[in-house]
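**Q** Take these sequences, add in the hints, and give me the full structure.
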Amino acid sequence: MTDGNAQTPSRRALLGWGGAGLALGAAAAGGAVAVARAGDEPDAGAGAGAAVAFHGAHQAGIATPVQDRLHFAAFDVTTDDRAEFVALLKEWTEAARRMTAGRPVGEGAHGGLPEAPPDDTGEALGLEPSRLTLTIGFGPSLFDRFDLAGRRPEALEELPRFAGDNLDRDRSGGDLCVQACADDPQVAVHAVRNLARIGFGRVVVRWSQLGFGKTSSTTADTQTPRNLFGFKDGTRNISGAETDRLDKHVWVGKKDGPDWLAGGSYLVARRIRMHIETWDRTSLQEQEDVFGRDKGEGAPVGRTKERDEPFLKAMKPDAHVRLAHPDANAGATLLRRGYSFTDGTDGLGRLDAGLFFLAYQRDPRTGFIRVQRNLAQDALNEYIQHVGSALFAVPPGVRDQGDWWGRTLFSQEA
Amino acid sequence: MRPARLTLLTAVATAAALAAVTGCTEKGADADGDRVIGVTATDDTCEVSTKEFPAGHVELAIENKGSKVTEVYLLFPDDRVVTERENIGPGTRQRVTAEVKAGDYRIACKPGMRGKGIRQDVKATGGKAVKRDPRLDEAVAAYRAYVQAQADETLPKAEAFAKAVQDGDVEAARKAYAPSRIGWERTEPVAESFGDIDPKVDVREDGLEDGQDPATDWTGWHRLEKALWQDGKIGDREKELAGRLITDLTDWQKRVGTADITPTSMANGAKELLDEVATGKVTGEEERYSHTDLVDFKANVEGAEKSYALLKPVARENDPALTRNLDKQFAALDALLDEYRPDTTSYEFTPYDKVGKADRKELSDAVNALAEPLSRLAAAVVK
Numbered sequence: 001m002t003d004g005n006a007q008t009p010s011r012r013a014l015l016g017w018g019g020a021g022l023a024l025g026a027a028a029a030g031g032a033v034a035v036a037r038a039g040d041e042p043d044a045g046a047g048a049g050a051a052v053a054f055h056g057a058h059q060a061g062i063a064t065p066v067q068d069r070l071h072f073a074a075f076d077v078t079t080d081d082r083a084e085f086v087a088l089l090k091e092w093t094e095a096a097r098r099m100t101a102g103r104p105v106g107e108g109a110h111g112g113l114p115e116a117p118p119d120d121t122g123e124a125l126g127l128e129p130s131r132l133t134l135t136i137g138f139g140p141s142l143f144d145r146f147d148l149a150g151r152r153p154e155a156l157e158e159l160p161r162f163a164g165d166n167l168d169r170d171r172s173g174g175d176l177c178v179q180a181c182a183d184d185p186q187v188a189v190h191a192v193r194n195l196a197r198i199g200f201g202r203v204v205v206r207w208s209q210l211g212f213g214k215t216s217s218t219t220a221d222t223q224t225p226r227n228l229f230g231f232k233d234g235t236r237n238i239s240g241a242e243t244d245r246l247d248k249h250v251w252v253g254k255k256d257g258p259d260w261l262a263g264g265s266y267l268v269a270r271r272i273r274m275h276i277e278t279w280d281r282t283s284l285q286e287q288e289d290v291f292g293r294d295k296g297e298g299a300p301v302g303r304t305k306e307r308d309e310p311f312l313k314a315m316k317p318d319a320h321v322r323l324a325h326p327d328a329n330a331g332a333t334l335l336r337r338g339y340s341f342t343d344g345t346d347g348l349g350r351l352d353a354g355l356f357f358l359a360y361q362r363d364p365r366t367g368f369i370r371v372q373r374n375l376a377q378d379a380l381n382e383y384i385q386h387v388g389s390a391l392f393a394v395p396p397g398v399r400d401q402g403d404w405w406g407r408t409l410f411s412q413e414a
Numbered sequence: 001m002r003p004a005r006l007t008l009l010t011a012v013a014t015a016a017a018l019a020a021v022t023g024c025t026e027k028g029a030d031a032d033g034d035r036v037i038g039v040t041a042t043d044d045t046c047e048v049s050t051k052e053f054p055a056g057h058v059e060l061a062i063e064n065k066g067s068k069v070t071e072v073y074l075l076f077p078d079d080r081v082v083t084e085r086e087n088i089g090p091g092t093r094q095r096v097t098a099e100v101k102a103g104d105y106r107i108a109c110k111p112g113m114r115g116k117g118i119r120q121d122v123k124a125t126g127g128k129a130v131k132r133d134p135r136l137d138e139a140v141a142a143y144r145a146y147v148q149a150q151a152d153e154t155l156p157k158a159e160a161f162a163k164a165v166q167d168g169d170v171e172a173a174r175k176a177y178a179p180s181r182i183g184w185e186r187t188e189p190v191a192e193s194f195g196d197i198d199p200k201v202d203v204r205e206d207g208l209e210d211g212q213d214p215a216t217d218w219t220g221w222h223r224l225e226k227a228l229w230q231d232g233k234i235g236d237r238e239k240e241l242a243g244r245l246i247t248d249l250t251d252w253q254k255r256v257g258t259a260d261i262t263p264t265s266m267a268n269g270a271k272e273l274l275d276e277v278a279t280g281k282v283t284g285e286e287e288r289y290s291h292t293d294l295v296d297f298k299a300n301v302e303g304a305e306k307s308y309a310l311l312k313p314v315a316r317e318n319d320p321a322l323t324r325n326l327d328k329q330f331a332a333l334d335a336l337l338d339e340y341r342p343d344t345t346s347y348e349f350t351p352y353d354k355v356g357k358a359d360r361k362e363l364s365d366a367v368n369a370l371a372e373p374l375s376r377l378a379a380a381v382v383k
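Protein sequences appear in the order of chains A and B. All letters in the first sequence, in the order written, are residues 1 to 414 by full-length UniProt numbering. All letters in the second sequence, in the order written, are residues 1 to 383 by full-length UniProt numbering.
Honestly, the hints are just simulated from the structure, not real lab data. Careful, some of the hints might be misleading.
[Said to hold, decoys possible] If we take Cβ atoms under 8 angstroms as the criterion, some of the chain B residues that face chain A in the derived model are:
| no. | residue |
| --- | --- |
| 1 | T264 |
| 2 | L322 |
| 3 | R324 |
| 4 | N325 |
| 5 | Q329 |
| 6 | T345 |
| 7 | N368 |
| 8 | S375 |
All values derive from a computational prediction rather than experimental measurement. By construction, the Cβ of each residue, glycine as well, lies at the ideal position given by its N, Cα and C atoms.
**A** Structure representation (structure tokens):
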């Protein structure tokens, strides 16, 4: 039973029956899906149910079009055995390869031995691939293990403390992370759940976060998404088609060092709690002053259209857009991929909600750290608080069937 | 504590054990229709197409022509389940397979999924004599002896606990409480398979059924635990309940030897013990007044380790990577638990309310690391 699909209608088969997905299904069977990657036409074939190619020079889930849902998990490594950890990375890669193509893990969710639990947990059976992407990153603490100290990138230092931080250790850090994005939340949760299960005994989940309602876009969408404060977010974000800007601001170059990370990126994750109730009691004028854009159209102060070039000096000195803009930060530009989150209420009846900020950059020192320091005076700080934080080095993409997540870091020859 | 689920587990395990006997090797070769038994169920009949069939791989082709949902069982003469299929809706067909040895059986339909069912005697004849690995029979026998020994050793400890309660000695009763539970906790899946005993001796207040009154219906260890630790006093009711606990545990001691034990029920029982730890002990719910959760925790792990040790010779041949991993994870969890007792020859563990959040997570992580591979032990035994 190398392929559970022979017996049971699989997500892949269902996709094939859908007609439009037929070619895709065939590609998946050959193990080489090639749809909707950065640099291609971003929207071609990337309907809500399609598969995003797992193999490529860069990991999917960075410059590929943003999906609607997120399940992000940070893990700690519990094994001291390097070979065991490498085996896990290979098993994870294979599971990710299957799940992103809409196929179940291992021998599937049913039809196996009745007295043993199935390899796949089954809740994604019958669902389409839903543009699932799985993206792995390595935290600074990983490099204290497995004799990796010499391979730790200089830029991969724990983030410094920023003004106003109120970090919860139980929502911060991690030896590695997996970002699962999909258009169907069940598909994203299924992916993290199955990876966590494969990982038991070698890694443990340190913390995780669910997200909904993408708060930025990596495609030239007709409409820019809004954050929970009701403002458009990500108007000027880097698009997956802008290869020059990606090379300049997002992908780690060969000369940036170290070699193993070339083609990768750095991911900053911040859980930003929003004080929803006080914000909602704030006058419209103050809300717009805080951001430096109007609430309806999203136009910068003094302009009329969302995409008009902002005139920073027209904004209040502490306006968020003014302080965060590349012009105020020596050109620093991040690729943002954040999501809104709501984890119910906080025990005081207040919405436990905010922005799960995810940003990719070529170097966090000249990227997020540069910008976040400049935001110390941000008027928005009265309404938000950073409560979780993590930084990861995101290795380059898995090239082909024989490749695996982290090979360039863990292989001697790389 | 959850009789319904355990009943099902036992049934599945039994069917699996039978499947194990022949390794399911004949599945594909069974083109002969002899071994397909048609079962036609209605609301008041249960017709079978043949009452005699060759031993080996058999298939029940069930059709429900009645108006009620039904379930169909293949049973041993003593009512143990060979295989079953539940939830067969009116007008639907279902198939279920099993490996059977030569001998007498019964097929039962249960319209409405209630009662003893409508039964037909059937017979499996001739066929190949099915052989099972004698090491597995030895494992089952050794485990049965272990279960009996645990019950035998528990009783005097429980009597000491009951005596302290009846003497009105709160301090002595508190000391005797956790040790009196160790044997039960080590063999919990078997103990729980007696659906009538478990709710009398080991139920927690929130485990009472709808309509039961805690004042009159709650009995057993945890009721006394609450009196000893929360109320801090012993009254006439507690003295009476201490006596009842001994009566119920004596019943357990007498019947435990008759439990249906198979290699797969042992393997899945080991996993069940870790599930008990994961859902009740690691959260501190089980011993919410006495905080002796780590004693139960240790006992659950020891019981799981016993099953595993007995099955290991066979499992190691079938899946050496799995047993290597299990050896490692058992050792890791045992070492972690030892950090919570100053003396590894005693069962005096740190009270669980003194175990911090980060340490509880570490314990939970270690349980997950063991329970996940342990869930594959049954497959390694029946391979």
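**Q** Return the numbers of the hints above that this structure violates; sort them in rising order.
**A** 2, 3 and 6
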